[in-house]
Amino acid sequence: MKIIIGSDKKGLQLKDTIVSYLKELNFEVIDVSEGGDKDFYDASIKVTQMVLEDVKNNKGIIIDEFGAGPFMVADKFKYIICAELNDEHSAKMTRDHNNANVITMGSGVIGEDVAKRIAHRFAVAQYSGGRHQIRVDMLNKMC
Amino acid sequence: MKVAIGCDHIVTDIKNHIKEYLENRGFEVVDCGTYDFERTHYPIYGKRVAEKVVTKEVDLGVVLCGTGVGITNAVQKVKGARCALVGDVAAAVYAKEELNCNIIGVGGRVSGIGMIEDIMDAYFAAEYKPTDENKELINKIDNLIDRTDYIGDDHFFDEFLEKWDRGEYHD
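The listed protein sequences correspond, in order, to chains A and D. First residue of the first sequence: 0, per numbering that gives the first Met the number 0; consecutive thereafter. First residue of the second sequence: 0, per numbering that gives the first Met the number 0; consecutive thereafter.
Derived from the structure by calculation, the hints contain no laboratory data. Note that the Cβ used here is the ideal one computed from N, Cα and C, for glycine as well. Any given hint might turn out to be false.
Stated by the list, open to error - Listed next, the in silico PhoX-like pairs over lysine-lysine satisfying Cα-Cα at most 25 Å (straight line):
id : chain 1 : residue 1 : chain 2 : residue 2
1  : D       : 128       : A       : 140
2  : A       : 140       : D       : 78
3  : D       : 18        : A       : 9
4  : D       : 55        : D       : 1
5  : A       : 45        : D       : 139
6  : A       : 9         : A       : 115
7  : A       : 115       : A       : 140
8  : A       : 115       : A       : 91
9  : A       : 8         : D       : 55
10 : D       : 1         : D       : 78
11 : A       : 115       : A       : 45
12 : D       : 1         : A       : 8
13 : A       : 8         : A       : 22
14 : D       : 55        : A       : 37
15 : A       : 22        : A       : 77
16 : D       : 162       : A       : 140
17 : A       : 55        : A       : 91
18 : D       : 1         : A       : 9
19 : A       : 77        : D       : 78
20 : D       : 134       : A       : 77
21 : A       : 8         : D       : 162
22 : A       : 9         : A       : 140
23 : A       : 45        : D       : 134
24 : A       : 37        : A       : 55
25 : A       : 22        : A       : 55
26 : D       : 78        : D       : 139
27 : A       : 45        : D       : 78
28 : A       : 55        : D       : 134
29 : D       : 128       : D       : 139
30 : D       : 162       : A       : 37
31 : A       : 55        : A       : 9
32 : A       : 91        : A       : 37
33 : A       : 77        : D       : 139
34 : D       : 55        : A       : 140
35 : A       : 37        : D       : 1
36 : A       : 9         : D       : 162
37 : A       : 77        : D       : 1
Claimed, not checked - Counterexamples of contact, computed for chain D against chain A with all Cβ distances above 12 Å:
id : residue
38 : 18
39 : 56
40 : 76
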């Protein structure tokens, strides 16, 4: 599993923190926005496209000031299931129930410690499948 | 103001509360379901709400499920929908002012009723502030999806529902 991370300038500091943290935990991390991209759109496209190269295994994290813009961009791609996250509970549940493969966070919304916990939970939590798969099949038919 | 609202079976009671809350503020609310607590599937209701918004049958939309993630994903996958999933007022206001967010999502098992009401107040009070920069971003977001063929297709998910009825999805 590769974790692909990108950000704009406003998410840069938090993104760099998350990159270092996940590397310390020995995850394979690819930073596609060194120095921060011009805007959330460019960062989101880069992360999303790289996740789609191996959508069953790769995961993506996109950070800007609020997380809302990257959420709107990433989710427009077929086979991307993206979660705009503020809390650790949703980070676990969205892997478990939705099989989310991308998350977005806002540097203006959450602090470093919560962001690290969200990233870690998202990285380790597993998808349950079963009854949840019908909903994922429905989403994947769209776009 | 006409607002479409949708949810899954996990948070129907919260959806009903928000519907009443918005009606008490003078909005006309179109309830897209689900209407009870029987197990169902969030994409059905997210798609319905988004379609009402992008076809201008209503002005704006509200969606919720347990975390809000599932139903907002169905919303986003309709061309023209721009949805934010929020747990705080700041992101809701930003999304409306800067990205003309037309559907707001919340997690009924994540945010409390007080916070959800506060988000609703802030989201509906905020107004889009167009700039050349954000107009270009919105245009790029809206153009990421080409397909419009499933808008209004109430049988789009039938193949999966039939599979479900045959017991092919099980834990």
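A quick look at each hint next to the structure:
1. 128(D) with 140(A): violated, 34 Å
2. 140(A) with 78(D): OK: residue 140(A) and residue 78(D) at ~14 Å, within 25 Å.
3. 18(D) with 9(A): violated, 35 Å
4. 55(D) with 1(D): holds, 10 Å
5. 45(A) with 139(D): holds, 14 Å
6. 9(A) with 115(A): holds, 17 Å
7. 115(A) with 140(A): violated, 32 Å
8. 115(A) with 91(A): holds, 13 Å
9. 8(A) with 55(D): Violated, at about 35 Å.
10. 1(D) with 78(D): Within the cut-off at roughly 20 Å; holds.
11. 115(A) with 45(A): The hint holds at about 22 Å.
12. 1(D) with 8(A): Roughly 37 Å separates the two Cα atoms, so the pair is violated.
13. 8(A) with 22(A): holds, 21 Å
14. 55(D) with 37(A): Roughly 33 Å between the alpha carbons, so the hint for residue 55(D) and residue 37(A) is violated.
15. 22(A) with 77(A): violated, 29 Å
16. 162(D) with 140(A): Roughly 15 Å separates the two Cα atoms, so the pair holds.
17. 55(A) with 91(A): holds, 17 Å
18. 1(D) with 9(A): violated, 35 Å
19. 77(A) with 78(D): holds, 12 Å
20. 134(D) with 77(A): holds, 24 Å
21. 8(A) with 162(D): Violated. Residue 8(A) to residue 162(D) sits at ~46 Å, over the 25 Å cutoff.
22. 9(A) with 140(A): violated, 34 Å
23. 45(A) with 134(D): holds, 21 Å
24. 37(A) with 55(A): violated, 29 Å
25. 22(A) with 55(A): Since the Cα atoms of residue 22(A) and residue 55(A) sit roughly 21 Å apart, the hinted pair holds (cutoff 25 Å).
26. 78(D) with 139(D): holds, 12 Å
27. 45(A) with 78(D): Status holds; Cα separation ~21 Å.
28. 55(A) with 134(D): violated, 34 Å
29. 128(D) with 139(D): The given pair, whose Cα atoms are some 17 Å apart, holds under the 25 Å limit.
30. 162(D) with 37(A): Status violated; Cα separation ~45 Å.
31. 55(A) with 9(A): violated, 29 Å
32. 91(A) with 37(A): violated, 30 Å
33. 77(A) with 139(D): With a Cα-Cα distance of about 16 Å, the restraint between residue 77(A) and residue 139(D) holds, given a limit of 25 Å.
34. 55(D) with 140(A): holds, 24 Å
35. 37(A) with 1(D): violated, 36 Å
36. 9(A) with 162(D): violated, 45 Å
37. 77(A) with 1(D): Since the Cα atoms of residue 77(A) and residue 1(D) sit roughly 30 Å apart, the hinted pair is violated (cutoff 25 Å).
38. 18: holds, 23 Å
39. 56: Holds, because the least Cβ-Cβ distance between residue 56(D) and chain A comes to about 19 Å, which exceeds 12 Å.
40. 76: violated, 4 Å
When each numbered hint is compared with the structure, violations occur for hints 1, 3, 7, 9, 12, 14, 15, 18, 21, 22, 24, 28, 30, 31, 32, 35, 36, 37, 40.
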